[in-house]
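S.K.: As a plain string of letters, each chain reads:
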Amino acid sequence: MVLKELRQKRPLVHNITNYVVAQFVANGLLALGASPLMSDAIDEMQDLAKISDALAINIGTLNERTILCAKEAIKHYKALNKPIVLDPVGCSASALRHDTSLELLESEGISALRGNAAELGSLVGISCESKGLDSHDATTPVEIIKRAAQKYSVIAVMTGKTDYVSDGKKVLSITGGSEYLALITGAGCLHAAACASFLGLKKDPLDSMVQLCALYKQAAFSAQKKVLENNGSNGSFLFYFLDALSLPIKLENSLIKEEW
Amino acid sequence: MVLKELRQKRPLVHNITNYVVAQFVANGLLALGASPLMSDAIDEMQDLAKISDALAINIGTLNERTILCAKEAIKHYKALNKPIVLDPVGCSASALRHDTSLELLESEGISALRGNAAELGSLVGISCESKGLDSHDATTPVEIIKRAAQKYSVIAVMTGKTDYVSDGKKVLSITGGSEYLALITGAGCLHAAACASFLGLKKDPLDSMVQLCALYKQAAFSAQKKVLENNGSNGSFLFYFLDALSLPIKLENSLIKEEW
Amino acid sequence: MVLKELRQKRPLVHNITNYVVAQFVANGLLALGASPLMSDAIDEMQDLAKISDALAINIGTLNERTILCAKEAIKHYKALNKPIVLDPVGCSASALRHDTSLELLESEGISALRGNAAELGSLVGISCESKGLDSHDATTPVEIIKRAAQKYSVIAVMTGKTDYVSDGKKVLSITGGSEYLALITGAGCLHAAACASFLGLKKDPLDSMVQLCALYKQAAFSAQKKVLENNGSNGSFLFYFLDALSLPIKLENSLIKEEW
Numbered sequence: 000m001v002l003k004e005l006r007q008k009r010p011l012v013h014n015i016t017n018y019v020v021a022q023f024v025a026n027g028l029l030a031l032g033a034s035p036l037m038s039d040a041i042d043e044m045q046d047l048a049k050i051s052d053a054l055a056i057n058i059g060t061l062n063e064r065t066i067l068c069a070k071e072a073i074k075h076y077k078a079l080n081k082p083i084v085l086d087p088v089g090c091s092a093s094a095l096r097h098d099t100s101l102e103l104l105e106s107e108g109i110s111a112l113r114g115n116a117a118e119l120g121s122l123v124g125i126s127c128e129s130k131g132l133d134s135h136d137a138t139t140p141v142e143i144i145k146r147a148a149q150k151y152s153v154i155a156v157m158t159g160k161t162d163y164v165s166d167g168k169k170v171l172s173i174t175g176g177s178e179y180l181a182l183i184t185g186a187g188c189l190h191a192a193a194c195a196s197f198l199g200l201k202k203d204p205l206d207s208m209v210q211l212c213a214l215y216k217q218a219a220f221s222a223q224k225k226v227l228e229n230n231g232s233n234g235s236f237l238f239y240f241l242d243a244l245s246l247p248i249k250l251e252n253s254l255i256k257e258e259w
Numbered sequence: 000m001v002l003k004e005l006r007q008k009r010p011l012v013h014n015i016t017n018y019v020v021a022q023f024v025a026n027g028l029l030a031l032g033a034s035p036l037m038s039d040a041i042d043e044m045q046d047l048a049k050i051s052d053a054l055a056i057n058i059g060t061l062n063e064r065t066i067l068c069a070k071e072a073i074k075h076y077k078a079l080n081k082p083i084v085l086d087p088v089g090c091s092a093s094a095l096r097h098d099t100s101l102e103l104l105e106s107e108g109i110s111a112l113r114g115n116a117a118e119l120g121s122l123v124g125i126s127c128e129s130k131g132l133d134s135h136d137a138t139t140p141v142e143i144i145k146r147a148a149q150k151y152s153v154i155a156v157m158t159g160k161t162d163y164v165s166d167g168k169k170v171l172s173i174t175g176g177s178e179y180l181a182l183i184t185g186a187g188c189l190h191a192a193a194c195a196s197f198l199g200l201k202k203d204p205l206d207s208m209v210q211l212c213a214l215y216k217q218a219a220f221s222a223q224k225k226v227l228e229n230n231g232s233n234g235s236f237l238f239y240f241l242d243a244l245s246l247p248i249k250l251e252n253s254l255i256k257e258e259w
Numbered sequence: 000m001v002l003k004e005l006r007q008k009r010p011l012v013h014n015i016t017n018y019v020v021a022q023f024v025a026n027g028l029l030a031l032g033a034s035p036l037m038s039d040a041i042d043e044m045q046d047l048a049k050i051s052d053a054l055a056i057n058i059g060t061l062n063e064r065t066i067l068c069a070k071e072a073i074k075h076y077k078a079l080n081k082p083i084v085l086d087p088v089g090c091s092a093s094a095l096r097h098d099t100s101l102e103l104l105e106s107e108g109i110s111a112l113r114g115n116a117a118e119l120g121s122l123v124g125i126s127c128e129s130k131g132l133d134s135h136d137a138t139t140p141v142e143i144i145k146r147a148a149q150k151y152s153v154i155a156v157m158t159g160k161t162d163y164v165s166d167g168k169k170v171l172s173i174t175g176g177s178e179y180l181a182l183i184t185g186a187g188c189l190h191a192a193a194c195a196s197f198l199g200l201k202k203d204p205l206d207s208m209v210q211l212c213a214l215y216k217q218a219a220f221s222a223q224k225k226v227l228e229n230n231g232s233n234g235s236f237l238f239y240f241l242d243a244l245s246l247p248i249k250l251e252n253s254l255i256k257e258e259w
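Protein sequence lines, in the order shown, are assigned to chains U, D and W. Numbered per numbering that gives the first Met the number 0, the first sequence spans residues 0 to 259. Numbered per numbering that gives the first Met the number 0, the second sequence spans residues 0 to 259. Numbered per numbering that gives the first Met the number 0, the third sequence spans residues 0 to 259.
Worth flagging that the hints you see were computed from the coordinates, not collected in a lab. One or more of the hints may lead you astray.
Derived DSBU-like pairs: lysine-lysine, alpha-carbon spacing no greater than 30 Å straight-line [said to hold, decoys possible]:
{"id": "1", "chain 1": "D", "residue 1": "K249", "chain 2": "U", "residue 2": "K225"}
{"id": "2", "chain 1": "W", "residue 1": "K70", "chain 2": "U", "residue 2": "K225"}
{"id": "3", "chain 1": "U", "residue 1": "K70", "chain 2": "D", "residue 2": "K70"}
{"id": "4", "chain 1": "U", "residue 1": "K224", "chain 2": "W", "residue 2": "K224"}
{"id": "5", "chain 1": "U", "residue 1": "K224", "chain 2": "D", "residue 2": "K3"}
{"id": "6", "chain 1": "D", "residue 1": "K160", "chain 2": "W", "residue 2": "K70"}
{"id": "7", "chain 1": "W", "residue 1": "K224", "chain 2": "U", "residue 2": "K3"}
{"id": "8", "chain 1": "U", "residue 1": "K225", "chain 2": "W", "residue 2": "K225"}
{"id": "9", "chain 1": "D", "residue 1": "K225", "chain 2": "U", "residue 2": "K225"}
{"id": "10", "chain 1": "U", "residue 1": "K8", "chain 2": "W", "residue 2": "K249"}
{"id": "11", "chain 1": "U", "residue 1": "K169", "chain 2": "U", "residue 2": "K256"}
{"id": "12", "chain 1": "W", "residue 1": "K70", "chain 2": "D", "residue 2": "K224"}
{"id": "13", "chain 1": "D", "residue 1": "K201", "chain 2": "D", "residue 2": "K225"}
{"id": "14", "chain 1": "D", "residue 1": "K224", "chain 2": "W", "residue 2": "K249"}
{"id": "15", "chain 1": "W", "residue 1": "K8", "chain 2": "D", "residue 2": "K70"}
Covered by chain W, per the in silico footprint, the following chain D stretches (three or more residues, Cβ under 8 Å) [said to hold, decoys possible]:
{"id": "16", "stretch": "57 to 69"}
{"id": "17", "stretch": "90 to 100"}
{"id": "18", "stretch": "181 to 194"}
{"id": "19", "stretch": "232 to 239"}
Some chain D residues well away from chain W (every beta-carbon gap over 12 Å; in silico) [said to hold, decoys possible]:
{"id": "20", "residue": "L29"}
{"id": "21", "residue": "L104"}
{"id": "22", "residue": "K202"}
{"id": "23", "residue": "S221"}
{"id": "24", "residue": "P247"}
These numbers come from a predicted model, not from an experiment. Idealized CB from N, CA, C, for every residue including glycine.
My request is simple: use the sequences and hints to build the entire structure.
M.R.: In structure tokens:
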């Protein structure tokens, strides 16, 4: 199991991330068993690429300076053949986010692209609503994820009520989890950073991403159970989820399905 | 009740806020039932103004770049007649904060101004201490809030042991709440963002702000009860408060009083 | 006891800190009994130096703008003879961090330098691993801390499984605490800010730092006890630790030892 190896090797994950969720992402990576490093100082990208095992780029609160930094970082991680995950947060909300996401993807350094249905849909030219997608049109998620993986030659990871992972050939789905993941900020951002930590181990990337999605959903499910037992809600979920990520997590293979 | 409508419509609140409390504000808005969006990238202000229902500007960790961004944002939200809340954090602490607050207020785009007694006092030329004000001079808060509302043609919201809301004509006070609100960071910032979420529904603005103050105090009171039951303190209050904001909140009309 | 005085005087601590832990640091200072202020706007450094009791500089997410800001701040705090704590986060990880730390130390305005063994070691030319140091070479920590204090004419504070404090003449060690401190982000950053709050009281600086280390470890120990009682883990520790910092903390003198 990849998680076991992660907890032994504690890969260093460099995050160029937004200031909203940076603390949650760092605590989440620590809970999972990885080592977090946050930096968006362009002058140290080369140094950090040397010591880090993977890079996670999140455009949640992008600005001119951090966009330049992301480009510089990609250059160095790509040269060292180290995995890079892109989380194109809100890329359907503004031209700046959309264009930046495309530009980073066209660098050909991105190993994995993680987003929700609205984000990945907008990057492959399919307009959709994240909330409605799972229920209204059962065939669309598989189509979106496959296209995203093929168009950008990446492992595509799409999270939602059901998660989908594809390398452009296969598509797998993962069910389970908790609706609380949509009620806290940063659940997606931490997911992307966790993807980077798993890819940093250089195991089979498709399988690693499927395992990560399943473990993440399982931890969320355990946390939700704790929340309900304690009459809690959104706030309690925040720390029960960090608790759950740091404890042993059982991989529920029955929730993983080959879709294509 | 405005909260019920908020939870149905889930208005999108764009925050130009400080990096200290951004996560707490996002989680608090989600708990309350609104959708948070954080951005201070000047190049996407026009796009975000189109899709957001309200804007909350918080100068807690202002800098040259974010001040320019706030000005650009005001231009677009004002043109679209969408509500803007200003939280002039620490505007009595430095000339930069004071002058920036005045400049933003003079844009004539601000719909509501939310601060504590020291902040609003400094903006209407009355020097005062937040802590001492409620007790030492019972007539002053009403005077400050009225003047702030009149001087800047805004709904003024002043939070503290007692909250005050004014449209320049009426002044209402709201009691209750919890002293823990002063012992965590971000309680005021989230309050301002919550004001924006309520104004985004375009109901009667004075009544909306009074309801918001009352609900916020009620949620804090419930959270404090949980803290005491569990022998907790500052840390526990943080998540019990988010829990309380996400659950049904009863409006205690007996704690609302017309002052003027 | 210094903590008692802190809770009476509530010194204002200005933090130029990273966006990852800013919220945790602010909440931690409030819990301890100090007043936090976060700002990295160069234009208000002079104003803030006048009203603050101490400055804490943390280079966790440094960039060109905040480095300039730190230099400007040091100038004003130094002129007013107010204490400054430097936390050289990750200064062994990149040339940018290392050079910036040295440059700030050479300003001769730094009163206290707080870091882990890897950070302080790198600043005195001793390469070491934080994790291994305590166990592998019992004499090295004392050597590092003494050299750091002497080389930069500061109170040096080195945190880890055992903490060390030195003024270049004496070296004291403090044991106890909790391993959870290494499993959350920001424990070191808050420690540095807390050092600043204690120094802001202008008591004997060496004794103040020893007391702070002992109290911090004691609060962590209490929080860990709560975590274990409630079958919690990393996430729970975050708020139990804030709870513990806000409650009465007993100083365990038996855990303090004179090393040199």
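S.K.: It remains to establish, for every hint, whether it holds in the given structure.
M.R.: So, going through the hints one by one against the coordinates:
{"no.": "1", "hint": "K249(D) to K225(U)", "verdict": "holds, 25 Å"}
{"no.": "2", "hint": "K70(W) to K225(U)", "verdict": "violated, 47 Å"}
{"no.": "3", "hint": "K70(U) to K70(D)", "verdict": "holds, 28 Å"}
{"no.": "4", "hint": "K224(U) to K224(W)", "verdict": "holds, 23 Å"}
{"no.": "5", "hint": "K224(U) to K3(D)", "verdict": "holds, 27 Å"}
{"no.": "6", "hint": "K160(D) to K70(W)", "verdict": "violated, 38 Å"}
{"no.": "7", "hint": "K224(W) to K3(U)", "verdict": "holds, 27 Å"}
{"no.": "8", "hint": "K225(U) to K225(W)", "verdict": "holds, 17 Å"}
{"no.": "9", "hint": "K225(D) to K225(U)", "verdict": "holds, 16 Å"}
{"no.": "10", "hint": "K8(U) to K249(W)", "verdict": "violated, 38 Å"}
{"no.": "11", "hint": "K169(U) to K256(U)", "verdict": "holds, 11 Å"}
{"no.": "12", "hint": "K70(W) to K224(D)", "verdict": "violated, 45 Å"}
{"no.": "13", "hint": "K201(D) to K225(D)", "verdict": "violated, 34 Å"}
{"no.": "14", "hint": "K224(D) to K249(W)", "verdict": "holds, 26 Å"}
{"no.": "15", "hint": "K8(W) to K70(D)", "verdict": "violated, 38 Å"}
{"no.": "16", "hint": "57 to 69", "verdict": "holds (count 5)"}
{"no.": "17", "hint": "90 to 100", "verdict": "holds (count 5)"}
{"no.": "18", "hint": "181 to 194", "verdict": "holds (count 4)"}
{"no.": "19", "hint": "232 to 239", "verdict": "holds (count 6)"}
{"no.": "20", "hint": "L29", "verdict": "holds, 16 Å"}
{"no.": "21", "hint": "L104", "verdict": "holds, 18 Å"}
{"no.": "22", "hint": "K202", "verdict": "holds, 32 Å"}
{"no.": "23", "hint": "S221", "verdict": "holds, 17 Å"}
{"no.": "24", "hint": "P247", "verdict": "holds, 24 Å"}
Comparing the model with each earlier hint shows violations of hints 2, 6, 10, 12, 13, 15; every other hint is respected.
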